[in-house]
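Enquirer: Residue numbers (our numbering), protein chains in the order written: chain E, 4 to 156; chain X, 25 to 240.
Some hints here could point you the wrong way.
Unchecked claim - Examples of chain E residues toward chain X, derived with CB under 10 Å:
#, residue
1, I29
2, T42
3, F85
4, S88
Stated by the list, open to error - Restraint ranges, calculated between C-beta atoms of paired labels, are given here:
#, chain 1, residue 1, chain 2, residue 2, range
5, E, S72, X, G148, 47 to 57 Å
6, X, G109, E, A136, 44 to 54 Å
7, X, D213, E, T31, 29 to 39 Å
8, X, G183, E, A78, 34 to 44 Å
9, X, A145, E, D112, 35 to 45 Å
10, X, N238, E, T153, 15 to 25 Å
11, E, V114, X, P240, 28 to 38 Å
12, X, K158, E, T33, 29 to 39 Å
I should point out that these hints are in silico values taken from the structure, not numbers from a laboratory.
Glycine included, C-beta positions come from ideal geometry on N, C-alpha and C.
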Amino acid sequence: MKTKMIVSMLILALAAALVGGATMAIFTDTENNNGNTFTAGTVNITVGGTSMPAVAAGNMAPGDTITGSFTVTNAGTLQLRFDVSGALGGALFSGATPAILAGLGDDQDVVLDPGASAVVTFTVHLPLGAGNAYQNATGTIDFTIVAEQTANN
Amino acid sequence: MKTRIVVAYLTVMLVAGLLGGTTMAIFTDVESNSGNIFVAGSVDIRADRNLGDPIPGPMFYTNIAEGTVEGAGSPHQPTLLWAPGDTHTRNLDVRNMGSLEVRLDQVSAQITSINGSLPEAFPGMAASWASKMKVKIYVAGFPQTKILYNGPLAVLLTGPQACIHQPVISPNIGLWPPMVQLVYEVSMDISAGNDLQGIVPIVSFSVFAEQTANNP
Chain E
4 MKTKMIVSML ILALAAALVG GATMAIFTDT ENNNGNTFTA GTVNITVGGT SMPAVAAGNM
64 APGDTITGSF TVTNAGTLQL RFDVSGALGG ALFSGATPAI LAGLGDDQDV VLDPGASAVV
124 TFTVHLPLGA GNAYQNATGT IDFTIVAEQT ANN
Chain X
25 MKTRIVVAYL TVMLVAGLLG GTTMAIFTDV ESNSGNIFVA GSVDIRADRN LGDPIPGPMF
85 YTNIAEGTVE GAGSPHQPTL LWAPGDTHTR NLDVRNMGSL EVRLDQVSAQ ITSINGSLPE
145 AFPGMAASWA SKMKVKIYVA GFPQTKILYN GPLAVLLTGP QACIHQPVIS PNIGLWPPMV
205 QLVYEVSMDI SAGNDLQGIV PIVSFSVFAE QTANNP
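Could you build the full structure based on these sequences and the hints that come with them?
Expert: In structure tokens:
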């Protein structure tokens, strides 16, 4: 008998909870702010306009200094700054009196607005003291241009 | 035998009662109170961007064209292009157009497109971008004490987030609907990588309101 009473009370309590839950509605509203556009800018450079005197093709003599250049263009949408470094290779740039790359500077940080260009000029000098070991020697320069955004940087 | 006598007695009494009932006429009267009106209130909010140009347009737009709304004046607060480390703040006026006091209880966001396509087309990019965008929403003038939300956009995209601070707005009973001005401060984390260069997401921000009455 006692068990039946407890079961009955539980059923009543459950029914009351269900009825109570069904009536727990409140008025609400939602408002949206649509169409917010977040366009990320771009950092993108192109290199062109490389210019090297013909002497670089194979007629460098000790004491010569040749000047070359190339153009860096900001093809992105953000203002950027760039640095140039050159990796030297080949017999011309090694040994006791190697050819010397100069003119790039250590910390160029050249700033370019979108669409703007800058001409990078460099020189290669073969010291007068270069001996016969450098006859017909060749060398290569691989330039690396690293660009980064100027904003918040 | 005794039981039968009791049953018979009760039966007789019941019949007598029924017969007696048919003869029990009494004087009565009915009065009514009619015309009682019950008007349910309303919860109705409206949200307008406001940086001196309170119109129902997007808060964040890269250029004038994206922020222009037909029939309204020209917007004048484009964000321009986003770069890692950038932060922009925009205001959203939330007005109570309804007749009940409300509180702003939840906020959320949704990416509606990326690079002109549905975000499902770029799931990885969408997730990466959202994880690098930080959103802080607070009541204007109270950037430290009345903050509704402060965290990654990625969390806002998962669904409505309960507001830390829940501003209450009075009911609209006059010409000027009461309002609270929210500030949306959005930042692109400085650690955002090159994979996000040039990305163009479009986002909807949502504000949820509920009645304060009987709603602890």
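Enquirer: Determine for every hint whether it applies to the structure shown.
Expert: Hint-by-hint comparison with the structure:
1. A least Cβ separation of about 5 Å between I29/E and chain X falls short of the 10 Å threshold, and the interface hint therefore holds.
2. With its C-beta approaching chain X no nearer than about 4 Å, T42/E sits inside the 10 Å limit, and its interface hint holds.
3. The interface hint given for F85/E is violated, since its Cβ lies 15 Å from the closest Cβ of chain X, which is over the 10 Å cut-off.
4. At its closest, the beta carbon of S88/E sits 20 Å from a beta carbon of chain X; the interface hint therefore is violated under the 10 Å criterion.
5. Checking the proposed 47 to 57 Å range against S72/E and G148/X shows it is violated: the Cβ atoms sit about 41 Å from each other.
6. Remark: the range hint 44 to 54 Å for G109/X to A136/E is upheld by a beta-carbon distance near 52 Å.
7. The supplied range of 29 to 39 Å is met by D213/X and T31/E, whose beta-carbon atoms lie about 33 Å from each other.
8. For the hinted restraint 34 to 44 Å between G183/X and A78/E, the CB-CB distance of approximately 40 Å keeps it satisfied.
9. A hinted range of 35 to 45 Å holds for the C-beta pair A145/X and D112/E, which are about 38 Å apart.
10. At about 56 Å, the beta-carbon gap between N238/X and T153/E misses the expected band of 15 to 25 Å.
11. Taken as a hint, the range 28 to 38 Å is violated for the pair V114/E and P240/X, whose Cβ atoms sit roughly 59 Å apart.
12. A hinted range of 29 to 39 Å for the beta carbons of K158/X and T33/E is inconsistent with their spacing of about 23 Å.
When held up to the earlier numbered hints, the structure conflicts with 3, 4, 5, 10, 11, 12 and fits the remainder.
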